[in-house]
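K.L.:
Taking numbering that gives the first Met the number 0, the leading residue of the sequence shown gets 0, the next gets one more, and so forth.
Just so you know, these hints were derived from the structure itself, not from any lab.
From a predicted model like this one, the values you see are computed outputs, not experimental measurements.
Do not take every clue at face value.
As the list claims (entries may be wrong) - Quick list of in silico lysine-lysine cross-link-like pairs, DSS-like style, CA-CA up to 25 Å:
1) Lys152 <-> Lys95
2) Lys32 <-> Lys95
3) Lys152 <-> Lys32
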Amino acid sequence: MSETNRSFPVPYRAKVVLPLGLVAISFASIFIKLCDAPPLVISAYRLGLAGLILALFHCRQLDRELRLLTRREILLTLLAGFFLSLHFAFWITSLKYTSVASSVIFVTTNPIFVALASVLFLRERFSFPLFFSVLVAVTGGLIIGWGDWDLGKQTVYGDFLALLGAVMATGYLLTGRHLRPKMSLGPYITLVYGMAGILLILFALFNGDSFFGYS
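With the sequences and hints as input, model every part of the structure.
P.N.:
Next up, the structure:
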């Protein structure tokens, strides 16, 4: 049997965690839409709490691995946190202006931008299947955007924010491609989520948002 056709057993933990993750992702945008807190506050709570919880499990390992990073790699980690903070800021704000369906569709177009950035900046090959996939995705986005145009400029603005969220997610993913071989998953996401959470707290304070008094 060839290497490409060989199948590997899926760990039991993955069979449990993956469906739970899909359910959580599916309901996240709905709960955000229902929340009356400002978008930056929601984003700050989401990433800040996630960073704190992750730190409880990975703080020692994170301390060890940070000592092995170069100054450039530390700066890239901070850049990844910056991109992640903007991703959530743009996407969660978009839910205040456009529908859940449109927001989720546009924010998940980041594979298009990853593919284009990989070709432009990483000199990866632009194959025909990739070109066709990008063309179909862009066409679908234009159709949705055209339909939302009839709903008003506010809705289109929300679509645009979700699209910016996808662009920021692209920056986060491409930066992570250089960092993940240097760090374990737990310490990496702890550091990046923590940095993104801190930045979002600062963004919210600068915007004059309150962190208390919501249902």
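K.L.:
Look at each hint and say if it fits the structure.
P.N.:
How the hints compare with the structure:
1. Lys152 <-> Lys95: Holds: lysine 152 and lysine 95 sit about 13 Å apart, inside 25 Å.
2. Lys32 <-> Lys95: Holds. Lysine 32 to lysine 95 sits at ~7 Å (cutoff 25 Å).
3. Lys152 <-> Lys32: Answer holds: lysine 152 to lysine 32 is near 19 Å, not above 25 Å.
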